[in-house]
Amino acid sequence: MPPSDTSALINFDQVVKRFGDLTVLDHLDFSVAPGERVTLIGPSGSGKTTILRLLMTLEKVTEGRIEVDGEPFSHMSRGGRMVPANEAYLRPRRKRIGMVFQQFNLFPNMTVRKNLTEAPVHVLGLPKAEANERAEELLELVGLSDKIDAHPTQLSGGQQQRVAIARALAMRPEILLLDEVTSALDPELVAGVLDVLRTVAETTDITMLCVTHEMGFARDVSHRVLMFDKGRIAEEGTPDEIFGDPREERTKEFLRSVLDNGH
Amino acid sequence: MDFLIERLPLYLEGAWVTVQLTAGGLALAFVLAMFFGVLGTRPGWLPRAVATTYVEVFRGIAALVLMFWMAYALPILTGYQLDGRFAAILAVGLNVGAYGAEVVRGAINAVPRAQTEATIALDMTWFQRMRLVILPQAWAQMLPTFGNLSIELMKATAVSFLIGVADISAIAERMRQATGETVLAFSGALILYFLIAQVLIFGVRLLERRANRRLGRVPPGGKGILGLLRPPALTASGGAK
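Heads up: the sequence lines are chains A and B, in that order. Okay, so the first sequence: first residue is 1 according to the UniProt record's numbering, each after it adds one. Okay, so the second sequence: first residue is 1 according to the UniProt record's numbering, each after it adds one.
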């Protein structure tokens with residue numbers, strides 16, 4: 001095994017992901033430091049979302065390893081051999097990671113309050129009163145205090161996504177994965193969601209991995225931008241480097257196409 | 001009409017037996033449907049094989065033959081004579097439970113995969129996911145078919161008079177033999193079955209309306225008590241967009 005970066009919170013080590021014949025991630029190496037906010041950009045199908053889904057254990061790696069906090073994550077040691085991690089191994093470790101989805105995925109059978117408290121109560125074992133208090137604080141943060149007893153279906157897309165952000169934060173994750181969280185929203189609702197995320201970025205030290213087409217937002221909040229193409233990192237750098245002075249032709253082309261589409 | 005009114009107490013005794021058979025059968029069918037339906041959605045071949053075996057065996061067996069078997073064959077094999085009502089409940093419960101298990105499995109599988117992904121992101125266990133998220137959403141989808149199945153079950157209890165249970169059908173047959181009033185005797189039975197079916201439908205619609213409200217949907221058929229009397233309109237399933 002190659003030595004892993006011990007200061008990294010997340011480490012991808014030669015990760016390959018294939019769906020049938022299609023190689024989505026091609027021997028990917030990268031790591032994220034604690035508290036770092038990294039934005040993943042690139043054309044669709046370049047594997048950005050797959051990275052988040054692998055970290056959330058919604059997919060399994062085909063080859064290679066993922067480590068979190070210096071510990072194996074995609075795999076575990078059993079009898080001296082590394083085997084794919086099982087549910088029992090993942091459960092305590094997955095708690096540290098939260099995810100916000102493109103389509104919000106709120107639970108329609110629960111009110112906003114229940115959406116925010118059921119997992120903290122049942123998964124983290126928080127007392128109901130404490131979970132409620134936390135839910136109220138988080139709804140205030142996302143500006144939806146008056147919607148605590150509403151059903152998800154009564155909310156606009158932007159409001160649903162703000163609730164979904166609050167739901168992920170209610171688990172107090174160290175790592176927050178944001179998967180194109182504004183792509184399904186009407187244009188006039190995007191700003192409200194991004195404002196909430198800016199606040200989260202400014203007021204917490206949560207490590208964030210963000211797949212987005214909102215370049216202004218990426219520029220504002222991220223420490224580092226990774227440009228993906230065909231399952232590999234085509235270019236990486238600070239937001240100023242990537243957006244101000246991209247070196248790779250692919251990056252320039254991608255940024256041009258995104259700007260042309262009015263994003 | 002006087003004929004029926006005079007014999008109403010007898011009919012009501014029969015109706016009470018039919019209600020008992022239906023309630024017992026429904027309780028058994030519900031437990032079996034939930035258990036084997038959920039089992040059928042578990043990963044791995046073994047749970048699924050067990051669920052499929054139950055469904056295929058008891059869906060393929062006529063409730064009447066199963067009833068006969070338990071009333072007449074089982075005592076020969078085991079020396080133990082089941083109570084007729086118990087045999088009838090077992091037969092219809094096992095049979096309808098098999099259909100119900102397929103309904104449960106289908107409804108669980110129809111809950112969008114994204115809901116499961118959200119529960120994984122919140123680190124829920126399989127049990128928490130089922131109890132808190134998947135089953136409450138699948139429930140609304142199961143209910144209309146459960147309503148139909150419960151009426152099927154109630155009607156299937158009518159053959160239990162063939163193993164000597166004194167249900168509505170048995171009373172009607174007895175009455176026909178005693179009085180020769182064939183038309184009236186069976187008309188009385190028809191009306192009673194119809195009335196019990198209406199109560200079942202009404203109950204299921206109440207449950208449906210509550211389930212839909214919990215999902216933040218407008219109750220199908222409209223609001224108010226009259227909404228329950230109308231068949232539910234086919235509405236596009238709402239939920240999170």
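Some clues are possibly wrong.
[Claimed, not checked] Over the 10 Å line for every Cβ pair with chain B, so calculated as not near, a few chain A residues:
{"#": "1", "residue": "H27"}
{"#": "2", "residue": "M56"}
{"#": "3", "residue": "H75"}
{"#": "4", "residue": "V83"}
{"#": "5", "residue": "I97"}
{"#": "6", "residue": "H122"}
{"#": "7", "residue": "K128"}
{"#": "8", "residue": "R167"}
{"#": "9", "residue": "A191"}
{"#": "10", "residue": "V258"}
{"#": "11", "residue": "L259"}
[As the list claims (entries may be wrong)] Derived Cβ-Cβ restraints for the label pairs, each shown as a range:
{"#": "12", "chain 1": "B", "residue 1": "P47", "chain 2": "A", "residue 2": "K60", "range": "16 to 26 Å"}
{"#": "13", "chain 1": "A", "residue 1": "Q14", "chain 2": "B", "residue 2": "I120", "range": "22 to 32 Å"}
{"#": "14", "chain 1": "A", "residue 1": "V83", "chain 2": "B", "residue 2": "F86", "range": "49 to 59 Å"}
{"#": "15", "chain 1": "B", "residue 1": "R113", "chain 2": "A", "residue 2": "Q14", "range": "20 to 30 Å"}
{"#": "16", "chain 1": "A", "residue 1": "R256", "chain 2": "B", "residue 2": "L206", "range": "33 to 43 Å"}
{"#": "17", "chain 1": "A", "residue 1": "D26", "chain 2": "B", "residue 2": "L207", "range": "44 to 54 Å"}
{"#": "18", "chain 1": "B", "residue 1": "V57", "chain 2": "A", "residue 2": "F19", "range": "14 to 24 Å"}
{"#": "19", "chain 1": "A", "residue 1": "D186", "chain 2": "B", "residue 2": "P47", "range": "40 to 50 Å"}
Honestly, the hints are just simulated from the structure, not real lab data. Glycine included, C-beta positions come from ideal geometry on N, C-alpha and C.
Okay, the hints, checked on the actual structure:
1. H27: holds, 26 Å
2. M56: Answer for A/M56: violated, closest chain B Cβ roughly 6 Å.
3. H75: holds, 18 Å
4. V83: holds, 17 Å
5. I97: violated, 8 Å
6. H122: violated, 5 Å
7. K128: Consistent with the label, A/K128 stays out of reach of chain B, its closest Cβ about 14 Å off (over 10 Å).
8. R167: violated, 7 Å
9. A191: holds, 20 Å
10. V258: holds, 25 Å
11. L259: Given a closest Cβ separation of 29 Å, the condition holds.
12. B/P47 - A/K60: 16 to 26 Å: Given about 21 Å between the Cβ atoms, the range holds.
13. A/Q14 - B/I120: 22 to 32 Å: Taking Cβ atoms as reference, A/Q14 and B/I120 lie about 25 Å apart, which means the hint holds.
14. A/V83 - B/F86: 49 to 59 Å: Roughly 50 Å apart at Cβ, these two residues keep to the hinted range, so it holds.
15. B/R113 - A/Q14: 20 to 30 Å: At roughly 29 Å between Cβ atoms, A/Q14 and B/R113 fall inside 20 to 30 Å, so the hint holds.
16. A/R256 - B/L206: 33 to 43 Å: Violated, at about 60 Å.
17. A/D26 - B/L207: 44 to 54 Å: At roughly 52 Å between Cβ atoms, B/L207 and A/D26 fall inside 44 to 54 Å, so the hint holds.
18. B/V57 - A/F19: 14 to 24 Å: violated, 38 Å
19. A/D186 - B/P47: 40 to 50 Å: The hint (40 to 50 Å, Cβ to Cβ) holds, given that A/D186 and B/P47 are roughly 43 Å apart.
Of the hints listed earlier, those the structure fails to meet are numbers 2, 5, 6, 8, 16 and 18, in rising order.
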